[in-house]
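Respectively, the protein sequence lines represent chains S and F. Here UniProt numbering is used: the first residue of the first sequence is 1, the next is one more, and so on. Here UniProt numbering is used: the first residue of the second sequence is 1, the next is one more, and so on.
Hints may contain errors.
One copy or two, either will do: identical chains are not told apart, so a pair holds if it fits within one copy or between any two.
Dumping the calculated SDA-like pairs for lysine to any residue here, alpha-carbon to alpha-carbon at most 25 Å [what the hints assert, rightly or not]:
| no. | residue 1 | residue 2 |
| --- | --- | --- |
| 1 | LYS193 | ASP53 |
| 2 | LYS92 | GLU166 |
| 3 | LYS229 | MET205 |
| 4 | LYS177 | ILE218 |
| 5 | LYS193 | THR118 |
| 6 | LYS229 | ALA164 |
| 7 | LYS190 | ALA256 |
| 8 | LYS190 | PRO247 |
| 9 | LYS177 | SER254 |
| 10 | LYS177 | PRO95 |
No lab work stands behind these hints, which were simulated from the structure alone.
2 protein chains.
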Amino acid sequence: MAPALAIADTAPAASSATLGGMVQARRQTANISAPPPSWASGNASRWAMHTSDPLDAIATVATVDRDCPLFREGDHADNVFEVMSGTIRVFKLLPDGRRQIIGFLEAGDFLGLSFNDTYLYTAEAVTTAAVRRFPRRRLEALIDENPVVRRRLLAVTANELLTAQEQMVLLGRKSAKEKLCTFLMTLSRKAAKRGLSDTRLSMPMGRSDIADYLGLTIETVSRTITCLKTAGLIRLLEGHKIELADPDAISELSDAA
Amino acid sequence: MAPALAIADTAPAASSATLGGMVQARRQTANISAPPPSWASGNASRWAMHTSDPLDAIATVATVDRDCPLFREGDHADNVFEVMSGTIRVFKLLPDGRRQIIGFLEAGDFLGLSFNDTYLYTAEAVTTAAVRRFPRRRLEALIDENPVVRRRLLAVTANELLTAQEQMVLLGRKSAKEKLCTFLMTLSRKAAKRGLSDTRLSMPMGRSDIADYLGLTIETVSRTITCLKTAGLIRLLEGHKIELADPDAISELSDAA
DNA sequence: CGAAGCCTTGACTACATTCAACAGGCGTGG
DNA sequence: CCACGCCTGTTGAATGTAGTCAAGGCTTCG
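When you get a sec, could you build the whole thing from the sequences and use the hints?
What follows is the structure, given as structure tokens:
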């Protein structure tokens, strides 16, 4: 049985060493029956020497395969994670299976920062992703003793809260077209922040993920995308890429009826 | 011009002193032209001697009149607040005036805990409310030096995040009836936590507030309430009170189609 | 090449919104 | 004191946006 998570003994940026324990992507058609995460000990100390990130002292690096869970809602919250590469979706389920995606996390984002003892949502990889794992106990100790770490995580949490509040406005008060355009603008801003193009975006998640993020159905997402495409505002490119042909118009549409 | 905020020189629990500067409630028909907050210096040190809450050292007590703003989105975020009594609504507006209420805050809840330099939302009093004000600089210093305060505010923030995520599920994936029932159950749980009845609830906010909180229109809220009433699940009482006649059924309806 | 999954498109439905009218409560002022 | 206006909430009818059901195209991958 292929494990969902594999440990790499170096950070992805370091190219000299081979990545140990890397496994093939394993498509998962249902949300059930995913293999449990398996972790091996290790650290990123070599990288730490160059960057002096205090978190490196307690970090373990790992990869998560496409569509595999990092953790599930209700699991005991033993670890906090930071995404290093790839995209993670975080979501909650209703008893009857309806899903609401809380967010898509990319490099630099943190997950599992609950001060609860269980996770409040499920996290799965949209694409194969690399993450850093921090044992919760040790991270909490570090937060207590290190003001720099503390401020960083506080800022992360505050940002998460801001994002959540804006998403509430989107879900509660915006039309399908506005939702889509807001989503595109958010992707664009995140790409720009990471130094990538803000008009040629990578959109690795499927229609179903987008629908569950925006509170729509896949059909409505598809139709709305077609509509934007027909209007000449966007162009769909090869390999889950999308081009914003008229970013200003999209920005306008993102909060005007 | 009547000020929106008035300072009391004691905590509300202390009955011996008259509340200074108290003003009459001032109905406000539009969101515009509300008087700016005015603060006087003061503290709650007498109360602090009995409770040893470290926050008392930097706190100022004040009242906010019904429908008056505590602060507005975009204002310079100089203060953090804790609600002592009454209900506060926190919301964001779209350019065309559509409103999404992020939450209703009651005694013990904090507002303005952004790590931004401006507020991310507007806060208004639903009912006349008493709040404690903490200058942000001093609160931040206290957070840095006092682990107890730190943990408390961290817990508050984490709880806020949890609430926000559950609200996303509600807004994105629930029907009108489920939204209403979830809202009632939330009110019930909050009342129970405060030691009040969990079946006879105070619901001080109007239909318009409920609608903007649940992502509905006032008409839909009204119709859905009528429906629940007709089904014998709730009873509307005098003075903005509501009775949950069948809490179990309401709980069922809160996440089942 | 065939099967599976993802996306798109079409026709119909339904839930919530919009538009409109009206009832009740409350404070103001004649 | 009652009349009036204002605000809030309720109800009805018509509309519309997004959802549902269904079919077909396309890509991917074994």
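Each hint, compared with the structure:
For a Cα distance limit of 25 Å, the shortest separation of LYS193 from ASP53 inside one copy, 20 Å, qualifies, whereas the shortest one across copies, 41 Å, does not. Taking the shortest Cα distances, LYS92 and GLU166 sit within 25 Å of each other both inside one copy (18 Å) and across copies (8 Å). In this assembly of identical chains, LYS229 and MET205 lie within 25 Å of each other by CA distance solely inside one copy; the values are 18 Å within and 43 Å between copies. When the C-alpha separation of LYS177 and ILE218 is checked against a cutoff of 25 Å, the pair qualifies both within a copy, at 13 Å, and between copies, at 23 Å.
For a Cα distance limit of 25 Å, the shortest separation of LYS193 from THR118 across copies, 21 Å, qualifies, whereas the shortest one inside one copy, 31 Å, does not. Taking CA atoms no more than 25 Å apart as the test, LYS229 paired with ALA164 passes in neither setting, with 28 Å inside one copy and 33 Å between copies. Taking the shortest Cα distances, LYS190 and ALA256 sit within 25 Å of each other inside one copy (22 Å), while across copies they are farther apart (35 Å). Within a single copy, LYS190 and PRO247 get their C-alpha atoms as close as 14 Å, which meets the 25 Å cut-off; across copies the closest is 44 Å, which misses it.
Proximity of LYS177 and SER254 under a CA criterion of 25 Å is satisfied intra-copy only: 7 Å inside one chain copy versus 28 Å between copies. Only between protomers do LYS177 and PRO95 lie at most 25 Å apart by alpha-carbon distance; the minimum there is 16 Å, versus 29 Å within a single protomer.
In the structure shown, a violation is registered for the earlier hint numbered 6 alone.
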